[in-house]
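Enquirer: The primary structure of each chain is shown beneath.
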Amino acid sequence: MSTTTYREAMRQAIREALISDDRVFLMGEDVGHYGGCYAVSLGLLEEFGAERIRDTPLSESAFVGAGIGAAMGGMRPIVEIMTVNFSLLALDQIVNSAATMLYMSGGQFNVPLVIRMATGAGRQVAAQHSHSLEGWYAHVPGLRALAPATLEDARGMLGPALEDPDPVLIFEHGGLYNVEGDLADDAGPVDITTAAVRRPGADVTIVAYGGTLRTALGAAEHLAADGIDAEVIDLRCLRPLDTATFVASVARTHRAVIVDEGWRTGSLSAEVSARIVEEVFYDLDAPVVRVCSAEVPMPYAKHLEDEALPQVADVVDAVRRLGA
Amino acid sequence: MTKHLPGPDAGAKVTRARAAENDHNVHLLRQMIRIRRFEERCVELYSRSAIRGFLHLGIGEEACAVGVIEALLPEDAVVATYREHGHVLARGVSMRATMAELEGKIEGCSRGRGGSMHLFDAATRFYGGNAIVGGGLPLAVGLALADHLQGRPRVTACFFGDGAVAEGEFHESMNLAALWHLPVLFCCENNLYAMGTALEFTESETDLSLKASSYRMPSWKVDGMDVIAVEDAARHAAEVVRTGGGPHFLELRTYRFRAHSMYDSDRYRDKTEIEGWKSRDPIPALVEHLTASAVLADGDLEQLEAEVAAEIDDAVAFAEAGTDEAVEDLERFVTSEPVQRLASP
Numbered sequence: 001m002s003t004t005t006y007r008e009a010m011r012q013a014i015r016e017a018l019i020s021d022d023r024v025f026l027m028g029e030d031v032g033h034y035g036g037c038y039a040v041s042l043g044l045l046e047e048f049g050a051e052r053i054r055d056t057p058l059s060e061s062a063f064v065g066a067g068i069g070a071a072m073g074g075m076r077p078i079v080e081i082m083t084v085n086f087s088l089l090a091l092d093q094i095v096n097s098a099a100t101m102l103y104m105s106g107g108q109f110n111v112p113l114v115i116r117m118a119t120g121a122g123r124q125v126a127a128q129h130s131h132s133l134e135g136w137y138a139h140v141p142g143l144r145a146l147a148p149a150t151l152e153d154a155r156g157m158l159g160p161a162l163e164d165p166d167p168v169l170i171f172e173h174g175g176l177y178n179v180e181g182d183l184a185d186d187a188g189p190v191d192i193t194t195a196a197v198r199r200p201g202a203d204v205t206i207v208a209y210g211g212t213l214r215t216a217l218g219a220a221e222h223l224a225a226d227g228i229d230a231e232v233i234d235l236r237c238l239r240p241l242d243t244a245t246f247v248a249s250v251a252r253t254h255r256a257v258i259v260d261e262g263w264r265t266g267s268l269s270a271e272v273s274a275r276i277v278e279e280v281f282y283d284l285d286a287p288v289v290r291v292c293s294a295e296v297p298m299p300y301a302k303h304l305e306d307e308a309l310p311q312v313a314d315v316v317d318a319v320r321r322l323g324a
Numbered sequence: 001m002t003k004h005l006p007g008p009d010a011g012a013k014v015t016r017a018r019a020a021e022n023d024h025n026v027h028l029l030r031q032m033i034r035i036r037r038f039e040e041r042c043v044e045l046y047s048r049s050a051i052r053g054f055l056h057l058g059i060g061e062e063a064c065a066v067g068v069i070e071a072l073l074p075e076d077a078v079v080a081t082y083r084e085h086g087h088v089l090a091r092g093v094s095m096r097a098t099m100a101e102l103e104g105k106i107e108g109c110s111r112g113r114g115g116s117m118h119l120f121d122a123a124t125r126f127y128g129g130n131a132i133v134g135g136g137l138p139l140a141v142g143l144a145l146a147d148h149l150q151g152r153p154r155v156t157a158c159f160f161g162d163g164a165v166a167e168g169e170f171h172e173s174m175n176l177a178a179l180w181h182l183p184v185l186f187c188c189e190n191n192l193y194a195m196g197t198a199l200e201f202t203e204s205e206t207d208l209s210l211k212a213s214s215y216r217m218p219s220w221k222v223d224g225m226d227v228i229a230v231e232d233a234a235r236h237a238a239e240v241v242r243t244g245g246g247p248h249f250l251e252l253r254t255y256r257f258r259a260h261s262m263y264d265s266d267r268y269r270d271k272t273e274i275e276g277w278k279s280r281d282p283i284p285a286l287v288e289h290l291t292a293s294a295v296l297a298d299g300d301l302e303q304l305e306a307e308v309a310a311e312i313d314d315a316v317a318f319a320e321a322g323t324d325e326a327v328e329d330l331e332r333f334v335t336s337e338p339v340q341r342l343a344s345p
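In order, the protein sequence lines correspond to chains H and Z.
Heads up, the final residue of the first sequence is numbered 324 in my numbering, and it's a clean run with no missing numbers.
Heads up, the final residue of the second sequence is numbered 345 in my numbering, and it's a clean run with no missing numbers.
Everything labelled a hint here was simulated from the structure, so no lab data went into it.
The beta carbon of each residue, even a glycine, is placed where N, CA and C say it ideally should be.
Incorrect hints may have been included.
A partial selection of chain H residues facing chain Z, derived with a Cβ cut-off under 10 Å [claimed, not checked]:
1. Leu44
2. Gly65
3. Pro141
4. Ala224
Have a look at the derived ranges for each label pair, beta carbon to beta carbon [unchecked claim]:
5. Glu278/H <-> Tyr263/Z: 36 to 42 Å
6. Gln128/H <-> Ala166/Z: 21 to 27 Å
7. Thr323/Z <-> Glu278/H: 45 to 51 Å
8. Gly168/Z <-> Ala126/H: 23 to 29 Å
9. Ala50/H <-> Gly168/Z: 45 to 51 Å
10. Ala126/H <-> Ala123/Z: 46 to 52 Å
11. Thr3/H <-> Glu331/Z: 40 to 46 Å
12. Val240/Z <-> Thr193/H: 28 to 34 Å
13. Ala166/Z <-> Thr3/H: 49 to 55 Å
14. Phe54/Z <-> Ser2/H: 57 to 63 Å
Excised from the complex, chain H in its bound form (with noise of 0.2 Å):
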């Protein structure tokens, strides 16, 4: 065990990526000089030279659709896009040639790509680089997507979304970057399919992923000094949502309660409610609740911020609301 950070545990797997496969480079805005805009990739140019830290462009469709490119011929390319909102300039590449190559093909041409962003809201930075839009890439078949919400995580699952021989986008919360914790010496890849249950409990069931989770776990701990004991579950694959793991969850724990940084209108929050209410519909003995953010582009005043996002003490509220 050593005390690291979910930064060092995300720089360590892209580390041990490029140690291990001779086909796998980084490319994206400020990964090389800079050191990445969140400091991810500090000193990988210096270790790995600049044919596999690539500093790019501000030209988020050409370097995505040559990761695109690159991965058919070959190569096993990381991506880092600066933010979820920027990656809205490449949104072409994502969803019309990278999640539809292989079908449109008719199964010649896979895509083994990975994509890296930051998402997510919390440090005032505004309505042009904190929304969460990893709901929107959630709904396109051929991605999948994934929300590593803990150090372990961080550090294990690019491996194994290298591994994958499709398009994988990976959103990193940028409240996330500075966590501290203990990861084993010996962290390795993870599952990238399942859903996880954080924190087990037998009252009420809270889905959370990437940024909430802290938020649910915080939460969750405030119900417990009231008696509460509620389960904490961390989608962590967006895409295809493990779906046996929530509702088994509900199945037990006879309530839900949805916490999603993104909007609630037509959310990620939506789909998981949408598949309780399908699958366990009878064993509810109250109606899901979703803790969402506010339906505002992302002030910038701390106050503001804070009161736009899901905060411990509303979901605290929901969960009571919920008579559990």
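Following the hints, position chain Z against chain H.
Expert: Just chain Z now, with coordinates in the frame of chain H:
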């Protein structure tokens, strides 16, 4: 200074070289006729609903596809657009597999999943069939990047139209390829119209090769109605690209004789303009050249046409006898299948 006199076999060498060139030019003619007649058959098949969806024909533009692709090697890659029947045929994908694709059959080169706009073929490194204008350019840059990183002396030929030049992806890709000195041969098939809107209504600078120059990329303006000129330019450019000369840009000046797609009533083009370009049809031009130089004898063209017609008949019969994919397989290939499943038929 000693004069080098021709050796005793020099005359024979020249004769052999000329014979090879003649054969090659007949091959170019055959390829263009195959494409032209294939496209004409597509119109018939569309009229009787054997082909549906969008259908974009390359009639008039055959010299571009044939000339460039002739200059490539088997290990090179091709990225094309939704007007790519000619490219896939020139690249050596069978007419059977192409026609079966247009008819949506499992025997098609994309298993009937892609249709006219999404022809793919792994065996010939044909990467589509990309129907987002400009969307293929980043893919070509990436394929070339993979070759660069793996030290393979290959060329990626990327076809796109003049319409793509207005897309950000064009500029981003040109810059990235030039910046990283990647082996891409950019082939702009400038047919003067982005669907129904003339270049002059969409571009502040209509000299497209200047745009390449602004990325410090060597560029050529080529008569896209002359297959020999296209091949010659492409061969020179591809050789430089292959040997580390960085990306090159060919502006192939061409024209489509028919409307943009089967849905297009072609209101935006002047009839005299169309007739003017038709008078420069690349196929009669080459026939005339080969006849004048006595490469084509009486009856040769008729025989060639008959062979092509037979090939098309065979392809149509093959497509129509093809198999509809089982609806149970609708979700196959959304994601890759485990290797053991791929290995089974």
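Enquirer: Hint by hint, where does the structure go against what was stated? Just the numbers, ascending.
Expert: Of the numbered hints given earlier, those the structure breaks are 1, 4, 7, 9, 12, listed in rising order.
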